[in-house]
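K.L.:
Here is what each chain is made of, one letter per residue.
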Amino acid sequence: MKRRIKIVDTTLRDGEQCPGVVFSPSDKVRLALFLDSIGVSEIEAGIYDVGTEGVHYISEIMKKKKQAVISLWSRLNPGNVEESARQKPDLIHVGTPVSYAQIYNKIGKNKKWIENTLQECIQVARDYQIPITVGLEDASRADVAFLVSLVRLMKRQGVETIRLADTVGVLFPRRAGELVREMKQTGITIEVHEHNDFGMAVANSMVMALAGADMVDGTLLGIGERAGNCNLYEFIHSAARKFDLSVSSLDIKKGENLLKSIMSGGKRNDPGDSI
Amino acid sequence: MIRIIDATLTMLEEYPLKRELIFDFAQTLESLCIWGAVLTPKIYQLMQGDLPKGITWYMELPNSSDSWKYPGIEYFLSSFCNGTGKYIRNIQINDVSELRGLESASPDNKLRLTGLDDLLIYESRDIYERGMKLLIQASPILYPENSCFCASAIAADYLQNHHNGTVMTTFTGIGNKAATEQVILAMRVVERYKPNNSFEKLADLRNIFEAMTNTQIPGHTPVIGRKIFYIESGLHVDGVLKKPSNYESFPPELVGASRKVILGKHSGGMSIRYKLKQYQMEERYPVEHLLEMVKRLSIKKGGEVTDEEFLTMMSECDKYEKANQNS
Numbered sequence: 001m002k003r004r005i006k007i008v009d010t011t012l013r014d015g016e017q018c019p020g021v022v023f024s025p026s027d028k029v030r031l032a033l034f035l036d037s038i039g040v041s042e043i044e045a046g047i048y049d050v051g052t053e054g055v056h057y058i059s060e061i062m063k064k065k066k067q068a069v070i071s072l073w074s075r076l077n078p079g080n081v082e083e084s085a086r087q088k089p090d091l092i093h094v095g096t097p098v099s100y101a102q103i104y105n106k107i108g109k110n111k112k113w114i115e116n117t118l119q120e121c122i123q124v125a126r127d128y129q130i131p132i133t134v135g136l137e138d139a140s141r142a143d144v145a146f147l148v149s150l151v152r153l154m155k156r157q158g159v160e161t162i163r164l165a166d167t168v169g170v171l172f173p174r175r176a177g178e179l180v181r182e183m184k185q186t187g188i189t190i191e192v193h194e195h196n197d198f199g200m201a202v203a204n205s206m207v208m209a210l211a212g213a214d215m216v217d218g219t220l221l222g223i224g225e226r227a228g229n230c231n232l233y234e235f236i237h238s239a240a241r242k243f244d245l246s247v248s249s250l251d252i253k254k255g256e257n258l259l260k261s262i263m264s265g266g267k268r269n270d271p272g273d274s275i
Numbered sequence: 276m277i278r279i280i281d282a283t284l285t286m287l288e289e290y291p292l293k294r295e296l297i298f299d300f301a302q303t304l305e306s307l308c309i310w311g312a313v314l315t316p317k318i319y320q321l322m323q324g325d326l327p328k329g330i331t332w333y334m335e336l337p338n339s340s341d342s343w344k345y346p347g348i349e350y351f352l353s354s355f356c357n358g359t360g361k362y363i364r365n366i367q368i369n370d371v372s373e374l375r376g377l378e379s380a381s382p383d384n385k386l387r388l389t390g391l392d393d394l395l396i397y398e399s400r401d402i403y404e405r406g407m408k409l410l411i412q413a414s415p416i417l418y419p420e421n422s423c424f425c426a427s428a429i430a431a432d433y434l435q436n437h438h439n440g441t442v443m444t445t446f447t448g449i450g451n452k453a454a455t456e457q458v459i460l461a462m463r464v465v466e467r468y469k470p471n472n473s474f475e476k477l478a479d480l481r482n483i484f485e486a487m488t489n490t491q492i493p494g495h496t497p498v499i500g501r502k503i504f505y506i507e508s509g510l511h512v513d514g515v516l517k518k519p520s521n522y523e524s525f526p527p528e529l530v531g532a533s534r535k536v537i538l539g540k541h542s543g544g545m546s547i548r549y550k551l552k553q554y555q556m557e558e559r560y561p562v563e564h565l566l567e568m569v570k571r572l573s574i575k576k577g578g579e580v581t582d583e584e585f586l587t588m589m590s591e592c593d594k595y596e597k598a599n600q601n602s
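Top to bottom, those sequences are chains A and B.
Using the working numbering, the first residue of the first sequence is number 1, and each one after it goes up by one.
Using the working numbering, the first residue of the second sequence is number 276, and each one after it goes up by one.
For the record, the hints were derived by calculation from the structure and aren't laboratory data.
These numbers come from a predicted model, not from an experiment.
Using N, Cα and C, we set each Cβ at its ideal position, and we do this for glycine too.
Only some residues are given here: those of chain B computed to face chain A with a beta carbon under 8 angstroms:
id, residue
1, C423
2, F424
3, T496
4, G500
5, E507
6, G514
7, K517
8, S524
9, G539
10, G577
For each label pair, taking beta carbons as the anchor points, the in silico distance ranges come out as:
id, chain 1, residue 1, chain 2, residue 2, range
11, A, W113, B, F298, 53 to 59 angstroms
12, A, R126, B, G450, 52 to 58 angstroms
13, A, N105, B, E583, 29 to 35 angstroms
14, A, D143, B, I402, 28 to 34 angstroms
15, A, W113, B, Y554, 34 to 40 angstroms
16, A, Q123, B, K575, 37 to 43 angstroms
17, B, G509, A, E115, 21 to 27 angstroms
18, A, N105, B, K576, 32 to 38 angstroms
19, B, R400, A, E115, 31 to 37 angstroms
20, B, R278, A, R175, 18 to 24 angstroms
21, B, E528, A, R3, 41 to 47 angstroms
22, B, S533, A, R175, 28 to 34 angstroms
23, A, D90, B, K469, 46 to 52 angstroms
24, A, R3, B, R534, 40 to 46 angstroms
Heads up, simulated EDC-like pairs for lysine to aspartate or glutamate below, C-alpha to C-alpha not over 20 angstroms straight-line:
id, chain 1, residue 1, chain 2, residue 2
25, A, K184, B, D401
26, A, K2, B, D401
27, B, K385, B, E373
28, A, K242, B, E398
29, B, K408, A, E178
30, B, K575, A, D49
31, A, K242, B, D370
32, A, K242, B, E404
33, A, K109, B, D513
Whole structure, please, built from the sequences with the hints as guidance.
P.N.:
Next comes the structure, spelled out in structure tokens:
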């Protein structure tokens with residue numbers, strides 16, 4: 001029997017980070033409901049952001065979806081987690097910087113601050129009785145000892161799933177597999193999130209799944225910042241021979257066509273805009 | 276020593292190629308530390324046998340007895356040769372289990388292995404490790420295929436495991452192969468391959484390739500896409516402006532590209548301040564108000580807000596302010 005790997009679609013969140021890509025709330029509802037209908041396990045519907053596109057689309061997706069887990073992405077900020085929780089998604093994903101580059105250079109904090117703030121975020125979500133996953137941002141460049149100690153701390157707080165995010169796309173197959181095996185020792189459920197800076201996002205996701213990851217993230221057409229994310233069609237096309245994915249590459253192709261039709265509705269600036 | 280051989284020219288026989296462009300393409304490969312290039316008899320004739328120096332030339336030649344017709348070619352690739360002297364024997368391998376056949380290969384025979392699409396989709400890690408060990412022992416030129424979308428990763432993985440390995444690739448992966456630019460830059464970043472060499476000519480290579488094939492490479496193609504260093508979201512702009520390596524795995528200059536802040540739905544205040552600074556008008560405009568206008572327009576048009584549109588917004592702010600002062 002094939003091992004089950006859950007597919008997490010992040011087109012509506014990380015895919016929309018691709019400069020120039022804009023989804024309206026109704027686009028998001030259309031795409032989310034399509035992904036739900038074809039068996040995608042989890043749909044990352046967006047970032048809680050009342051200022052840009054409102055929050056009504058989230059409740060509409062929650063009301064109409066059949067089976068997928070709908071998650072919202074939140075910064076490592078108890079206030080943001082609370083605002084997300086008020087939208088009553090199935091899951092909140094807390095993006096947590098873990099590499100020294102991200103902790104010290106980007107947000108100007110330290111490891112202790114990360115641990116404390118993460119615990120506050122976990123508490124807020126628990127108060128609202130909404131499960132969270134913790135996204136270890138830039139995990140590929142992080143100190144593994146810190147990752148392991150943070151994961152153990154989270155497990156004690158009741159977190160069941162972490163996302164290993166290769167934020168700048170610097171993983172290669174050998175290290176990608178090792179990272180999952182190292183994290184797997186903590187006994188936590190592992191989700192992997194690959195970027196395609198060197199054209200290796202699909203291969204890395206494959207190797208990480210083979211090394212024991214339980215969930216794989218990707219986007220339709222591989223859209224995302226810089227060179228994009230793991231292309232869902234390519235991953236599913238290749239991985240279906242090894243894993244039970246509960247979604248077919250044929251259906252993903254239909255999703256790509258829907259996405260193309262939505263994107264072509266927007267005005268394009270030049271032919272190089274094609275994804 | 277790691278060696279990368281580019282076989283792009285073998286994939287371009289059907290295109291209306293010009294001799295000068297082929298020459299430029301080959302010369303640019305040489306400047307990028309590509310070890311060798313492969314061509315076909317047809318391309319050789321088009322170049323009238325005048326091959327750029329500084330690069331090792333290979334030729335796909337099914338009938339090895341014709342090799343005397345091609346001076347300047349150092350090695351010939353064929354499935355029908357014994358792999359000695361100037362001849363490299365091509366073997367197609369469709370499954371990792373077929374690598375067992377390498378156990379009996381003589382170390383004197385030169386081989387090229389084509390295929391191995393599923394090397395990274397192994398049944399068990401043992402099978403993969405045994406296969407990699409056999410590959411390192413036989414040390415063939417590895418020419419992975421891309422039907423599982425893993426060819427560049429297979430080539431990079433082979434070179435990471437085998438520091439005297441040779442891989443064959445094509446630019447953009449044309450012909451369902453590993454992509455030259457992805458493998459070379461992966462080696463540069465991970466293995467410090469040619470650390471003193473600039474790879475900015477990758478942008479030239481892209482332009483020549485586009486001219487040869489009359490195509491346009493999509494903007495977000497890894498390594499060579501024109502838009503891979505465009506940033507929009509507030510989080511990323513803030514991170515990159517603080518320190519580019521926060522969100523960039525290599526600097527844009529390394530590959531002849533440049534960074535650009537795009538305005539749109541996901542912009543933050545930092546992007547507006549950055550643009551105002553570019554126009555030397557940091558103090559003059561209310562950032563929050565402009566940000567709101569940018570987001571609104573981006574959502575309305577379904578895309579990015581251009582610099583011209585941003586300038587129009589600034590002048591609208593001026594008009595509004597003037598009108599308020601006069602009233």
